[in-house]
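For reference, the chains in residue letters:
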Amino acid sequence: MKKIRPFIEQVGWPRVIIAVFLLSLFLAAPFVRVRIDTSISDTLVRFGMNGVMVLAMVPMIQAGCGLNFGLPLGIIAGLVGAVTSIEIGVTGLIGVLTAMAIAVPVATLLGFGYGVLLNKVKGGEMMIATYVGFSSVAFMCIMWLMLPYKSPNMVWGYAGAGLRTTISVEGYWDRAISNVASFNIGKFFYCPTGMFIFFALMCFLIWVFMHTKTGTAMTTVGSNPEYARSAGVDVDRMRIISVILSTVLGAIGIIVYEQSFGFIQLYMGPFYMAFPAVAAILIGGASVHKASILNVVIGTFLFQGILTMTPSVINSLIETDMSEVIRIIVSNGMILYALTRVVKVRS
Amino acid sequence: MSRKLLTKDNIQHFGISNAVPIIFILLSSFAIPVSRFSGEYLVQEMLVRLSRDSFLVLSLLIPIMAGMGLNFGMVLGAMAGEIGLILITDWNVMGIQGMALAMIISTPLAILLGWMCGAILNRAKGREMVTSFILGFFMNGVYQLVVLYGFGKVVPVRNPQLLLSRGFGIRNVTNLEGIRKCLDNLIPLSIGGISVPVATFVVIALFCIFVMWFKNTKLGQDMRAVGQDMDVARSAGIEVERTRIISIVISTVLACYGQIIFLQNIGTMNTYNSHEQAGMFAIAALLVGGASVAKATIPNVFVGVVLFHLMFVVSPMAGKYLIGQAQLGEYFRVFVSYGIIAIALALHAWKRFKDRERARRALRGNA
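If you read the sequences in order, they're chains S and Z.
Numbering-wise, our numbering puts 158 at position 114 of the first sequence, and it's gapless, one number per residue.
Numbering-wise, our numbering puts 1313 at position 75 of the second sequence, and it's gapless, one number per residue.
It is possible that some hints are incorrect.
What the hints assert, rightly or not - Derived DEER-like restraints, expressed as beta-carbon distance ranges: (1) W57(S) to Q1466(Z): 48 to 56 Å; (2) S195(S) to N1413(Z): 50 to 58 Å; (3) W57(S) to P1271(Z): 45 to 53 Å; (4) V252(S) to N1248(Z): 47 to 55 Å; (5) V1440(Z) to S267(S): 25 to 33 Å.
Said to hold, decoys possible - Some but not every residue of chain Z turned toward chain S, in silico, with C-beta under 8 Å: (6) W1329; (7) N1330; (8) G1333; (9) R1361; (10) V1368; (11) V1572.
In short, the hints are calculated from the structure, not lab data.
Every residue, glycine too, gets a C-beta built ideally from N, C-alpha and C.
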């Protein structure tokens, strides 16, 4: 007992509770006739789908810009890339890479503007980021209607203009990354190896970046801006770099998500996408000021695991669909916990 | 030279302070002629919307006074009000009595929620807004849990028309026919074909008087002191935490009444969405009126409600006539409501920075 307590305190109560909850869901699954291999497979797929978007939180948190509630901005860049690649008509792995190649410069541009804005509002980043995300999504709603895309697979049939709310990527790059070296075990278990390789690659790149001179300077800015300035680090520049990096990762993340999901969701689709990503990294043990790659991996797995397991297990257990409510309470509860905890540590 | 610089500086200062209302006035003066609405129609619409929304917006004033920023947690109050409304609809209590009963039922709930919100915000000083914002989402989950699963199971509901076909949980739309416009039509008055909801305006006026009176009470002064500087207030013997909680409780209770007034005008309630919209629109309206995160006055409220809703009414039609798509105007409206909050928050943070610079320059003199 004496050993358990410090361990729990080190890991953090919410994370322990959520892990235990997830474990019990997996244990309960066979008893309510939910196939365990399907569940694990689904969890893995969703883990791969969301991983990069959660990773997009890391640079901004490390540079002291807070939780990136402005993730929709990056997502929009990704959507522009995805839609344009379909318009051009490239397919397969090349198609996904084209989408990313288009998305990255767009995200860099948007991220730069976003970074400049956040530098002007130091201290109030999170609230403004949220509304930058919201308003950019609403702005793009107008754009999706107006932009001159022509591909008949994407525009409304009767008007011949304006993009549809959901666009299928089937026939273009459906599961193009996921299916690289993927394999099935039995009928129900599917492992999207390619997506894991890609996610691992992204994590590795960020890890390497964080250990370069620029990356270290960025972390310094996050943990102590005054010290960083006196050490000759350009604080504003570091923050802008971190915001650009987060935005670019968000853009890549949504493309990975879409190629696995099979659909591009436009209009109000990306509106609330920042919240699951924020909740995931916090569940992984990150705080508002500190986040690591390990937090991303653990958090995404726990959060997506719960999202996958609750509908199937809880529904067969009590025969009511409560998954949506559980999702709202868990994810927002987690963000709330992180926001209130930080101050306690500080003071 | 220095004189000229000073005036330019002053203009800039004025521009920054009032940027949001100025943008809005320009936008509306452009959009109104395009939308081809008659003046009479617009006046009627604005009167209705003023009576409907002012109370909700006014409920935001007191936490701003206490330096806690925009109280996104007002949705908690709105939820409490909605629970009261569901109950009176079930009990079939109609008219003004029904409304009063709904207020009586939801008051303790709102106090409880407000106290909880205040206690949580005390643990997140300096980031109240984002915390109360997330708290709104969180409590929305709890609200759904209660209303979608608890009502009909734990809380007895007799009226089967309120419930989902499975036997528990409230339907997506709750019909409030029993109390529809009961306050608005209490004192009927019509001027030149434009009907004026006198009783609602009386309630709003009473509330404005309350706010003005409250500012000068001991508690109101304490709140302003806390809003200025928490440490100074604490050393002056003010219980900072308690004062902050009280300000949130008052705001939550008032938001609860505001939501009830709002819904009696509409007459139907989106059981699971009404409160979210209430928060978003109220905050956007207040900011449009020229309020900032740190300072909001009663005129801000009314100017804001009129300007914001003018945009709201006009933009879909303007979009339709201008580009031929009403949908576009609709999206534009959504964009404006979120964009305005983003701009106002950013301007406020920027202004704080500029003000500090001004203060520094004033100390240094115009060398």
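Note to self: Could you work out which of the previously given hints the structure breaks and list their numbers from low to high?
What the structure shows: 1, 2, 3, 5, 6, 7, 8
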